[in-house]
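J.: Below, each chain spelled out in residue letters.
Protein chains: 4
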Amino acid sequence: MFEHRRQVAFHEVDAAGIVFFPWFHVYLHEAMDAFFGGLEGGYARLINERRVGLPAVRLVSDFRAPLRYGDTVAVRVEATRVGERSLSLRYAFFRDGGGEVAAFEQVVVATDLARMCSVPLPEDVRSVALAHLA
Amino acid sequence: MFEHRRQVAFHEVDAAGIVFFPWFHVYLHEAMDAFFGGLEGGYARLINERRVGLPAVRLVSDFRAPLRYGDTVAVRVEATRVGERSLSLRYAFFRDGGGEVAAFEQVVVATDLARMCSVPLPEDVRSVALAHLA
Amino acid sequence: MFEHRRQVAFHEVDAAGIVFFPWFHVYLHEAMDAFFGGLEGGYARLINERRVGLPAVRLVSDFRAPLRYGDTVAVRVEATRVGERSLSLRYAFFRDGGGEVAAFEQVVVATDLARMCSVPLPEDVRSVALAHLA
Amino acid sequence: MFEHRRQVAFHEVDAAGIVFFPWFHVYLHEAMDAFFGGLEGGYARLINERRVGLPAVRLVSDFRAPLRYGDTVAVRVEATRVGERSLSLRYAFFRDGGGEVAAFEQVVVATDLARMCSVPLPEDVRSVALAHLA
Numbered sequence: 001m002f003e004h005r006r007q008v009a010f011h012e013v014d015a016a017g018i019v020f021f022p023w024f025h026v027y028l029h030e031a032m033d034a035f036f037g038g039l040e041g042g043y044a045r046l047i048n049e050r051r052v053g054l055p056a057v058r059l060v061s062d063f064r065a066p067l068r069y070g071d072t073v074a075v076r077v078e079a080t081r082v083g084e085r086s087l088s089l090r091y092a093f094f095r096d097g098g099g100e101v102a103a104f105e106q107v108v109v110a111t112d113l114a115r116m117c118s119v120p121l122p123e124d125v126r127s128v129a130l131a132h133l134a
Numbered sequence: 001m002f003e004h005r006r007q008v009a010f011h012e013v014d015a016a017g018i019v020f021f022p023w024f025h026v027y028l029h030e031a032m033d034a035f036f037g038g039l040e041g042g043y044a045r046l047i048n049e050r051r052v053g054l055p056a057v058r059l060v061s062d063f064r065a066p067l068r069y070g071d072t073v074a075v076r077v078e079a080t081r082v083g084e085r086s087l088s089l090r091y092a093f094f095r096d097g098g099g100e101v102a103a104f105e106q107v108v109v110a111t112d113l114a115r116m117c118s119v120p121l122p123e124d125v126r127s128v129a130l131a132h133l134a
Numbered sequence: 001m002f003e004h005r006r007q008v009a010f011h012e013v014d015a016a017g018i019v020f021f022p023w024f025h026v027y028l029h030e031a032m033d034a035f036f037g038g039l040e041g042g043y044a045r046l047i048n049e050r051r052v053g054l055p056a057v058r059l060v061s062d063f064r065a066p067l068r069y070g071d072t073v074a075v076r077v078e079a080t081r082v083g084e085r086s087l088s089l090r091y092a093f094f095r096d097g098g099g100e101v102a103a104f105e106q107v108v109v110a111t112d113l114a115r116m117c118s119v120p121l122p123e124d125v126r127s128v129a130l131a132h133l134a
Numbered sequence: 001m002f003e004h005r006r007q008v009a010f011h012e013v014d015a016a017g018i019v020f021f022p023w024f025h026v027y028l029h030e031a032m033d034a035f036f037g038g039l040e041g042g043y044a045r046l047i048n049e050r051r052v053g054l055p056a057v058r059l060v061s062d063f064r065a066p067l068r069y070g071d072t073v074a075v076r077v078e079a080t081r082v083g084e085r086s087l088s089l090r091y092a093f094f095r096d097g098g099g100e101v102a103a104f105e106q107v108v109v110a111t112d113l114a115r116m117c118s119v120p121l122p123e124d125v126r127s128v129a130l131a132h133l134a
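Protein chains in written order, with the working numbering: chain A, 1 to 134; chain B, 1 to 134; chain C, 1 to 134; chain D, 1 to 134.
What the hints contain is simulated information worked out from the structure, not anything from laboratory work.
We treat Cβ as the ideally placed atom computed from N, Cα and C, and that holds for glycine.
Some clues are possibly wrong.
Unchecked claim - One side of the interface only, derived from the structure: several residues of chain A facing chain B at Cβ under 10 angstroms:
no., residue
1, Q7
2, A15
3, I47
4, F94
Unchecked claim - Which stretches of chain B does chain C cover? Using the computed rule of at least three CB atoms under 8 angstroms from a CB of chain C, they are:
no., region
5, 7-14
6, 107-121
Stated by the list, open to error - Which residues of chain C face chain D? A partial, calculated answer using Cβ under 8 angstroms:
no., residue
7, N48
8, R58
9, S61
Hey, can you work out the whole structure from these sequences and the hints?
T.: What follows is the structure, encoded as structure tokens:
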């Protein structure tokens, strides 16, 4: 189980006084970036130099409780399926000293960013996912 | 069928050169805001003065094609269920001069923002949804 | 005098209940984008295809009053200097039915985005600026 | 000298391939938040419970070099003036293994967020600033 921690920032709160839900998806993406941090050069090199990305094609989001400025959230990431060209990832968000606040099921597809078409999962990406298979 | 149009902004593109997926959710929320634009004082007054919000509790997102800076997207919104305290909304995104790029199914719950608990849907909110029931 | 109008969005408000100041800069950039809307293909084609950008090298920001969700802001843009490789632009923000809420002085430099070095201002960019010279 | 470190995130890059300048201001604000981290309950409690904020009234920004996804930036913060109701703060941004990429001079005013009017700087806020006076 991989865990990424993130503090809610001042500006991530909306007019309702709670974290605007797309920021949960930003936290999710940051957690995915950290999840692949063990790749040589990290996720940044995968994107910037190898020009392979992992865009989401499907995302199921369950929001169970609000987050507020000052909260810290722990995002737990695991792979639930490792395919030839796609991965399924599950994210569970916990508030410090509290329960689960949100859960996400995501399918991402390995994509050649120059031609914008699917490609086989790079071996090192696949290995990270397999190392965290549920 | 309600339609909201939105241009992709310069900064909504990410390191992969395409719109970062949480921005789709921002567009979705802007479309929901416009969908309820006929309320007296709009969605802003619902939030700021009446202190009732419609936070999402569930959101299923299907991303079918990328968006890029310079694209204009049409977001079509309709209600698929109008309950006592919750609504289901469906959003379909179309790129100008192109096909469907994304689709979303969202469940929102009428929420008292001061006490952060569910409340019956206000009558005027309910009416807007019923007027656009699929 | 060029004017761009923008509604404050739900999520642009922060934990203090007012628009987070970097969103003023996003509005400014959207106004600059619209200011150059008369270029063939707009600012988007300048960036995406001609690969010339206008990054800011200096920006002086004066914030005079807060903006809130529900406000509409009018951004007035004019050029105050048109150089060989750089432009100075002035932005004044007015709240609907109210006074000036912010003012900005910006210097941007024409930049080859592939080599990330300054270049002469493209003729059509220069013309737009000259047409709106204070 | 107070230092705050921040990695550039995937989504902070724009259609020009470099960090969109308002994100520099987000980093700046995060650095200010961390600068006041020693307050009891941090900057979050100042905002959420004590309802005192430090909105910027003036900000002079100099952008010297671009940042890219994958970069880490060190933000050095110091106070340059501590007044009765306002503070001047200076921020210098350095890229890891590189030179200064941006510098900012900011004036913030202690503000009662309920009445949205200036108030004397709280003593503990003042102390943090004095401890980091240039």
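J.: If a hint holds in the structure, say so; if it doesn't, say that too.
T.: Going through the hints against the structure:
1. The interface hint given for Q7(A) is violated, since its Cβ lies 18 angstroms from the closest Cβ of chain B, which is over the 10 angstroms cut-off.
2. At about 5 angstroms, the closest approach between the beta carbon of A15(A) and any beta carbon in chain B falls short of 10 angstroms, and the interface hint on this residue holds.
3. Interface hint at I47(A): satisfied, since its Cβ lies 5 angstroms from the closest Cβ of chain B, which is below the 10 angstroms cut-off.
4. At a threshold of 10 angstroms, the smallest CB-CB gap from F94(A) to chain B is about 18 angstroms, leaving the interface hint violated.
5. For the region 7-14 of chain B, the assignment as covered by chain C holds, since 3 residues bring a beta-carbon within under 8 angstroms of that chain's beta-carbons and 3 suffice.
6. Counting residues of the region 107-121 of chain B whose beta carbon lies closer than 8 angstroms to any beta carbon of chain C gives 0, which falls short of the minimum of three for the stated coverage.
7. Evaluation of the N48(C) hint against chain D yields a held restraint, the C-beta minimum of about 7 angstroms falling below 8 angstroms.
8. Because the smallest distance between the Cβ of R58(C) and any Cβ of chain D comes to about 6 angstroms, under 8 angstroms, the interface hint for this residue holds.
9. Checking S61(C) against chain D: minimum C-beta separation of about 4 angstroms stays under 8 angstroms; hint holds.
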